[in-house]
Amino acid sequence: MTWREQVREQVDAWRRDGVFTPRSDSWLTGYDEDFSRRLGARGWIGLTWRGRGFLDRFVLTEELLRAGAPVAAHWIADRQIGPAVARLGSAKLKAGLLPGIEAGEVRFCLGMSEPDAGSDLASVRTRARRTDGGWLLEGQKVWSSHAHRATHAYVLARTSTEEHKHQGLTEFVLDMTSPGVTARQIPDLRGPGHFCEVFLDDVFVPDWAVLGTVGDGWRQVTGQLAFERGGPERVLSTYPLLALTMAAAGPADAGRVGELVARLTALRRLGKQVAARMDGGEAPIGPAATLKMLGNRFEVDVIEAARAVPGVPRAAIDEALLASPGFSLRGGTTEVLGVVIAREAMGAVA
Amino acid sequence: MSLPDVEEAAVKVLGAAVDMRDAARITLDQGWHLLGVPESEGGMGGTLADVAGVVRAISAAGLSSPLPELHAPVVLAVANRVVVPWGDGEENIAGEPYAVLASGSPSTGATLTRWRILHAARLVGGCQGAASRTAAYAATRAQFGRPIARFQAVSALVAEAHAQSVLAAAGLEAALADPGNDFVAIAALATASRAGGVVARVAHQVHGAIGITRELGLERLTRRLWAWRDLPGEAELEPLLGLLGEQRAWTLGAGDE
Ligand SMILES: Cc1cc2nc3c(=O)[nH]c(=O)nc-3n(C[C@H](O)[C@H](O)[C@H](O)COP(=O)(O)OP(=O)(O)OC[C@H]3O[C@@H](n4cnc5c(N)ncnc54)[C@H](O)[C@@H]3O)c2cc1C
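Chains as they are written, first to last, in this note's numbering: chain A, 1006 to 1355; chain B, 1072 to 1328.
No wet-lab data here; the hints were simulated from the structure.
The model shown is predicted, which means the values in this text are computed figures rather than measured ones.
Positions of the beta carbon are idealized from the N, C-alpha and C atoms, including for glycine.
The reader is advised that the hints may include incorrect statements.
[To be verified] Pairwise CB distance ranges, derived in the manner of DEER restraints:
{"#": "1", "chain 1": "B", "residue 1": "A1170", "chain 2": "A", "residue 2": "Q1011", "range": "46 to 54 Å"}
{"#": "2", "chain 1": "B", "residue 1": "E1112", "chain 2": "A", "residue 2": "D1306", "range": "53 to 61 Å"}
{"#": "3", "chain 1": "B", "residue 1": "D1090", "chain 2": "A", "residue 2": "L1327", "range": "56 to 64 Å"}
{"#": "4", "chain 1": "A", "residue 1": "W1008", "chain 2": "B", "residue 2": "L1099", "range": "43 to 51 Å"}
{"#": "5", "chain 1": "B", "residue 1": "G1102", "chain 2": "A", "residue 2": "K1170", "range": "55 to 63 Å"}
{"#": "6", "chain 1": "A", "residue 1": "P1318", "chain 2": "B", "residue 2": "A1080", "range": "55 to 63 Å"}
{"#": "7", "chain 1": "A", "residue 1": "W1008", "chain 2": "B", "residue 2": "S1073", "range": "32 to 40 Å"}
[Claimed, not checked] Stretch by stretch, here's where chain B covers chain A in the computed footprint (C-beta under 8 Å, at least three residues):
{"#": "8", "segment": "1261–1271"}
{"#": "9", "segment": "1289–1300"}
Bound-form chain B, shown alone:
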């Protein structure tokens, strides 16, 4: 299967998942956890960027999958707790499972970097999904005899959501260009987390009351953005970049030059 096919299939099959447990089962059954594993080791030989592409497609559709955790199993320090995303025990605001460990040391090194990049991809997909739904809705919903997008206050919101999702995607691209650099991964995740918050807020504002309903399904994206952006949130990530110094900070975007 080519990658666009995998992306399409992933969205289709996961769309039929009845719950989160089912989504995890489907991800494993389909063998997508082998996507980024070298062919010599029985995997599909995809790059990290390929995996990120599938993650993005899944989350842009408002769906959940432990694909990042299967490629990079992590234990995270989140707001004074030790958390395993997609472990058993608790549920986040989007209904996705996670476990809280009584003790345990959070992951470090290459696995954590890889997870950060893939989790950023998750947020980027969510931003893109919500921003494009917002643009489409503004172009079609009519009030006062015209599409609401014709009101400049609304079109500024559409522009904001679009711009934030473009920015988050650019941050992800920088991280994928330099996948061994944890600081770029942190930057990508922090940017995507902030973007996720803005896009969710703006998307709901533009959609009006219908946007809050289960039926419309915007909440499938916004609840996920709210959950994903706190794993951990930018308040914990950004300080890690604040004292790098000018010389190192400037090299962060230039990994593939």
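Looking at chain A on its own, in the form it has when it is part of the complex:
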């Protein structure tokens, strides 16, 4: 059996047994700690740092997203924080976090954005002051998905203010139970969901929980963004809806659905190319941005097609619609990605 077949067999069985119900946007809004533990017990979290690599993770995540499985609880840790800790973390940080991530017990939220730092991420103002044996973090993060139930947070903070804004940034890992951390949910258009704001009030972070090099945070985080942007979840957020649309389609819909099938085939290949480059040790920032821009467009085109095909369940369309405004914002907006892609295009010809 191929790796893909193994994954598919297990995921199909889980679905048949009622372990989960398929849904769109399952990697952000399908939050199920038990399901994450189940995957952890199967050995399927952390493939990229456990000797398997990005191509294997690519296949695994494609099949999970195809099924609409609830993978949100461990998604951030598996996708980007685990790999960053494995690459840049101290021995103590690795020993303290990686086994828990692999088991689906350690759940990360991302503290990048702030009220005044959205697309302009380098303008973050959260401060880290030196103290005995570590740092004291002070500031506010926002839009941190699932922060109210995460065990840990990744935080990008300023360790010095003297230089250009791209300098003096540092990446930290903190325990959400540390004194001084407050997470509050922010209801979104569906009501209370994943959005949170996080207040940091002199939160102590030991030196061993600094990720990588003090002051090198900008270079590190832009590399991390390739992992954040370059995965199949940037294409497949509405795949469960596409599956329903394909099932309902008749001859009159063949052209419209066929266009999506053709585009999806190319997009999945592009995702595979990005994963292969990650296995080669690269952080392919340009290709990941290209994948995300085109993939986000595909995700909403699926919804429009579903609306046009008679017989697609309304609830599935609505679920996807309510998630859709976030597609082209989260992880970098389409407009900002366009700048990254154009830069790559011009670099490629220079």
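On the provided structure of chain A, position chain B with the ligand as indicated by the hints.
This is chain B with the ligand only, laid out in the frame that chain A set:
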């Protein structure tokens, strides 16, 4: 000759062709039609991917060659007509010849699949050529005291052209990874056809008036993209993929796993 050498030589020699008939003659004279033929049969033993690479290089340079048709001679159904690309009779918008048959049955099977992949390679090359010219032009043409690429409306166009050519190339790669699967070939060709239309439009927009001139030569790429994308167009290809069902549609990209 190694493949990069063949690609380079093909571009150079075909660049000197005086017309389409000459381009066809050169292709034959150079023996490139033997590229994908096994060595045991007197060919050069290249893979389909190798041939596609040469096709791409030729079209990225804005040149024409019947290389795909020599490797996969086809009769096509195009918009209610039966057409033989590079046959004699009519000319497409890029000046390439084709014949229209009064009757005849369109090709099917492995030859058609192979042609679809190589024709997709043609479009991918054209997209890449036009997208990279567009990026280069935006970086150097100055207006209002700065390169036009510095205006975000323009850089978004550059990004779009680049992204479309990357997407088309990924579709081609999927087809080359599963060359026996006609549905992946159809998907690759449909994606490349759509990309070709977008890239041509965006390329002209970014180039302004000079882009429309013969002299600049952008039209060598855009007229070809317009001709190639209708052989047949996505409107005829996409419906072939629309009723495959989820299970089969999902296997389309995974031919080499
Ligand atoms: C569903 C969802 C989940 C998220 N989860 C997290 C999370 O877990 N952790 C986290 O840290 N953040 C998270 N975010 C925040 C996300 O990273 C930001 O939304 C994103 O970076 C954009 O910032 P902003 O929302 O402040 O918009 P702004 O940056 O204020 O942008 C508003 C508009 O202006 C445009 N714009 C801004 N700057 C430029 C420019 N230079 N050129 C052209 N156009 C520009 C944008 O494209 C956009 O259209 C999440 C967001 C969403 C929607």
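Quick rundown of the hints versus the structure:
Restraint check, A1170 of chain B to Q1011 of chain A: a C-beta distance of roughly 51 Å satisfies the suggested window 46 to 54 Å. Look at E1112 of chain B against D1306 of chain A: about 45 Å separates their beta carbons, and that is not inside 53 to 61 Å. At about 58 Å, the CB distance of D1090 of chain B to L1327 of chain A agrees with the hint of 56 to 64 Å. Separation of W1008 of chain A from L1099 of chain B is about 46 Å and conforms to the stated range, judged on CB atoms against 43 to 51 Å.
At roughly 59 Å, the beta carbons of G1102 of chain B and K1170 of chain A sit within the given window of 55 to 63 Å. For the hinted restraint 55 to 63 Å between P1318 of chain A and A1080 of chain B, the CB-CB distance of approximately 58 Å keeps it satisfied. Range check, W1008 of chain A to S1073 of chain B: about 34 Å between beta-carbon atoms, so the 32 to 40 Å window is met. Proximity of the segment 1261–1271 of chain A to chain B, defined as three or more residues with a beta carbon under 8 Å from a beta carbon of that chain, is established by the 10 residues found.
Coverage of the segment 1289–1300 of chain A by chain B holds [criterion: at least 3 residues with CB-CB distance below 8 Å; count 4].
Going through the hint list in order, the structure does not satisfy hint 2, though it satisfies all others.
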